[in-house]
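Chain residues, written in single-letter form:
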Amino acid sequence: MKSGVRLGGPALAWLCFFILAPLGLVLLISFAQRGIYGGIQWDFGAGNYSRLFSPETLLIVWDSLRLAFFTAVVCVFLGLLSAWAMATASERRRPWLLGLIALPFLTNLIIRVYAVKSVVAANGPLPFLLTLLGIEFDPFALTANSWLVAYGMVSSYLPFAVLPLYGAFEKFDFTLVEAAQDLGAGPWKIFGQVIVPALRGPILGAFLLVFIPCLGEYVIPDLLGGAKSMLLGNLITDQFLKARDWPFGAAVSVGMMGLLVLTGLLLRVLRRTK
Amino acid sequence: MNERRRVKAPWFARAVLILVLLALYGPLLVLVAGSFLESTATGLVVTGRWFIEVFADTVLGGALLNSLIVAFCSAVCATVLGTGAAIALHRGPFPGRQVLRGLSFVSLALPEIVFALALLSWFFLLHWHLSLVTVIAAHITFSLSYVILTVSARLSTMDQSLEDAARDLGAGEWHLLRRVILPLLKPSLIAAFLLSFLLSFDDFLITFFVNGVGRDTLPIKLYTSMKMGLTPKLNALATLMWLGSALLIILAFRSPGFRDVLKAGEDKPGENE
Amino acid sequence: MVPMMLEIMGIRKSFEGHAVLEEINLRVAEGEFFSLLGPSGCGKTTLLRILAGLETATAGEIRLDGRRVDQLSPQARPFNMVFQKYALFPHLTVKENIAFGLKLKKVPAAEISKRCDRVLGMVGLSALASRRPETLSGGQQQRVAVARALVNEPKVLLLDEPLSALDQKMREHMQTELRALQKSLGLTFIYVTHDQEEAMTLSDRIGVMNRGHLEQVSAPREIYEQPRTHFTAQFVGRMSRLRGELVSLDGGLARLRLDNQVEIVGRPAAGAAAELHTGMRMEAFIRPEKIQILEEAANGGGRNLLPGRLSESVFKGNQTEVHVDVDTGGSLLALAAATGVPCAPGGRLALAFSPEDTFFFGESEG
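Chains as they are written, first to last, in our numbering: chain Z, 1 to 274; chain S, 1 to 273; chain L, 1 to 366.
One thing to keep in mind: the hints can contain errors.
[Stated by the list, open to error] As a list, the in silico DMTMM-like pairs of lysine to aspartate or glutamate whose alpha-carbon atoms are at most 20 Å apart:
#1 Lys8(S) <-> Glu136(Z)
#2 Lys186(S) <-> Glu173(S)
#3 Lys189(Z) <-> Asp173(Z)
#4 Lys85(L) <-> Asp70(L)
#5 Lys227(S) <-> Asp222(Z)
#6 Lys171(Z) <-> Glu91(Z)
#7 Lys103(L) <-> Glu38(S)
#8 Lys183(L) <-> Asp204(L)
#9 Lys105(L) <-> Glu163(S)
#10 Lys186(S) <-> Glu312(L)
#11 Lys85(L) <-> Asp204(L)
#12 Lys103(L) <-> Glu163(S)
#13 Lys103(L) <-> Asp117(L)
#14 Lys85(L) <-> Asp164(S)
#15 Lys186(S) <-> Glu7(L)
#16 Lys105(L) <-> Asp164(S)
#17 Lys183(L) <-> Glu30(L)
#18 Lys233(S) <-> Glu53(S)
#19 Lys105(L) <-> Glu173(S)
#20 Lys227(S) <-> Glu91(Z)
#21 Lys233(S) <-> Glu38(S)
#22 Lys155(L) <-> Glu7(L)
#23 Lys103(L) <-> Glu173(S)
#24 Lys8(S) <-> Glu178(Z)
#25 Lys106(L) <-> Glu173(S)
#26 Lys290(L) <-> Glu312(L)
#27 Lys85(L) <-> Glu38(S)
#28 Lys155(L) <-> Asp164(S)
#29 Lys290(L) <-> Glu197(L)
#30 Lys85(L) <-> Asp159(S)
#31 Lys8(S) <-> Glu91(Z)
#32 Lys290(L) <-> Asp325(L)
#33 Lys8(S) <-> Glu170(Z)
#34 Lys8(S) <-> Asp182(Z)
These are computed hints drawn from the structure, not numbers from a lab.
All chains should be built: construct the whole structure from the sequences, respecting the hints.
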């Protein structure tokens, strides 16, 4: 009891001070007003929240949800297949594959984005290849577009899905696959009717694991999407670092967390019901 | 666990794995190649001059130093705090245990951007001058949960009777900690430290928010330079940073403590709730 | 009467309202090898951990030489424990493991070394002192665990299924060794096991435990030959059993009417004499080796005699198990010498067993 407090107390205090209090503050700010010079004026009201439902904001929310959903689905689908292949690779190869997937996961996001950009940069291999093939393209649109954002998102968040799914496969009873084969199921049938149902929980978990960070992603759309793509991440960042409208930025963040909690609850219900 | 023969995945799964690896590594290879090439009148030639330029750049040197200071300080603090917390959680009930558990989960699940702006507002309210200190505090906070996760994974595989044996042989709380628990945790302490170091060294977004003017870390430097346009010198910088973190990752991976996390951490998403 | 050294008085333990131990009373003499025997979950390990101080009892007292020890912390109790899976510290060498307790007691280094060497010699591991535990075999690790406890010179050594992780051969070998060690040191052992053979072989006395209470505390032979409760009878050794109704009680013997009116004579359970009444349902237990196999027409000679049909005989090497469907209903197991099976399956025969070897217990109390 006493040793628990002594050992855990500092971390508890730290997290209260640097997580709980700041989050509480955000909630508080979201009800305040923007000051004339960009500061915070402590007049409370729900005005910022009603601004969330303006058409421009709703469009941004919709675009962000779409991108996060798309990324999460693609990551889970590709991740599931990759994890399956990894888990059934020879025992000698497995740690290597795991390492290969984990390495980019732990590599700086900026570097990864930079790498993607260097492929499409004016002097990069893709424009070179396109020119060689005689395909016409707009060099500016090539370096910043929504396809690039999608690619960046999927390749950045894939490991988030692969690693937990691989863990699930490690515990998966592969005799089920043998049994299905024995009963005449082909590979796609096995995938759809044995693997997916058996790994339902981890699949939904992996979806959430990708979806959460994607919804608020700032760096990838900012660097790969150019000025055109406005998403929740940019919206929030702009309020805090450029427009200096903290109360509205805080309200958007709270709204976004609400969306995440809602998604989480939805998945929980999905997991329970058959 | 299930070490029986596993039926090979069908061709399309293996094909997807290969595509995924290509998609992950292709751009990185282009990046590395770009840092070694120079286009001259006669075409592309291999050169090391971009790397020399990076090393000669004192601004980058300063940023590297900042990154290292932040990563080291935050990793040390996070490891100490997190280890204490993990042991306390493992031990059993104490006042605040559920809060601690909940907060460490929240900090893992919290979108980075929300955490970043929350800290920014908090520091603003407290009138803390943004500096490396605020960056370090922020990094400690997000590393903490990873440390707790890493150390807890190890603790949960540790034989409970070792603690009983130590107590039976006369160890009090302090000796139990110093002579038995900490030595047994050593591999995971190393792994936790490396992981925290890496997370801190790689962090962009949170640093971007709570960073003081003129005290940029390497990722910030790379980001702001990249906004101006890509240059071979930046390629060289990114390559070096990548190699640096890859080295750390390999180190971390080779430490046995890390395997516990992978084993236990993988269960988490499927099993929470 | 041997002076009792360790007294356990009214120990109770409950976890979250669920009683794990109810009212344990036990006295163990100095130098005794005492075993706690019972199925898993019967509370024997909990009792041992309470003795060690690793758990606190909900109620009750523990006295050592008349002095209360149950309020002392584990480190202050003159008890040491040998754990089920040895619990050797993997980061320490064999010798460092053994020295662990002495170091904590701030024993001078020279003496630590001397005492460690002595116990290492005692368990025959002097050559392995600087090895790490994981490089040792199971039996060697076991000896290190014993040495680590012994070096502290405890008044009582607590052993929690110490041999359960070893294979059969090694286990038998270690049994002999433990017993010899215990005798030569004259040390009190409290030994927890679920293996009845092990308990029989090693112990001076055995306490049979079931569902948190002690069923019977006796010498091994008595446990086997005079089980006092239904549970002890069916848990220790093998038993053939029959069901019936108590018809008369006469001194030490009772008469039980089986389902087809045949009556047998036996001894009612010693523990439950007061609760017996005619007409109650009872079960009769007979040790298979006490049942004699006779030809159908043979005379029992004053013993219980039940005719029946041989249903199956199973060759077991040194003997043959004979399963007989007796005419009264039910199946009895008897043992015959390897060559002594009187007839083929389906053949008729009779089983004879003396009232002395027939025990009656109230039906299904265990």
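If you draw a straight line from the CA of Lys189(Z) to the CA of Asp173(Z), is it 20 Å or shorter? 17 Å, holds
Need the status of pair Lys105(L), Glu173(S): alpha-carbon distance at most 20 Å? 14 Å, holds
Below or equal to 20 Å on CA atoms is what counts here, so check Lys103(L) against Asp117(L). 15 Å, holds
Hint consistency between Lys227(S) and Glu91(Z) [alpha-carbon to alpha-carbon, up to 20 Å]: 44 Å, violated
Does Glu312(L) sit within 20 Å of Lys290(L), going by the straight-line distance between their CA atoms? 19 Å, holds
Between Lys85(L) and Asp164(S), does the CA-CA distance stay at or below 20 Å? 12 Å, holds
Straight-line Cα separation of Lys85(L) and Asp159(S) no greater than 20 Å? 9 Å, holds
Between Lys186(S) and Glu173(S), does the CA-CA distance stay at or below 20 Å? 18 Å, holds
Below or equal to 20 Å on CA atoms is what counts here, so check Lys227(S) against Asp222(Z). It holds: about 10 Å lies between the C-alpha atoms, which stays within 20 Å.
Need the status of pair Lys103(L), Glu38(S): alpha-carbon distance at most 20 Å? 66 Å, violated
Lys103(L) paired with Glu173(S) [C-alpha distance capped at 20 Å]: 15 Å, holds
Taking only the CA atoms, is the gap from Lys8(S) to Asp182(Z) under or equal to 20 Å? Holds. Lys8(S) to Asp182(Z) sits at ~14 Å (cutoff 20 Å).
In this structure, the hints that do not hold are numbers 1, 4, 7, 10, 11, 15, 20 and 27, in rising order.
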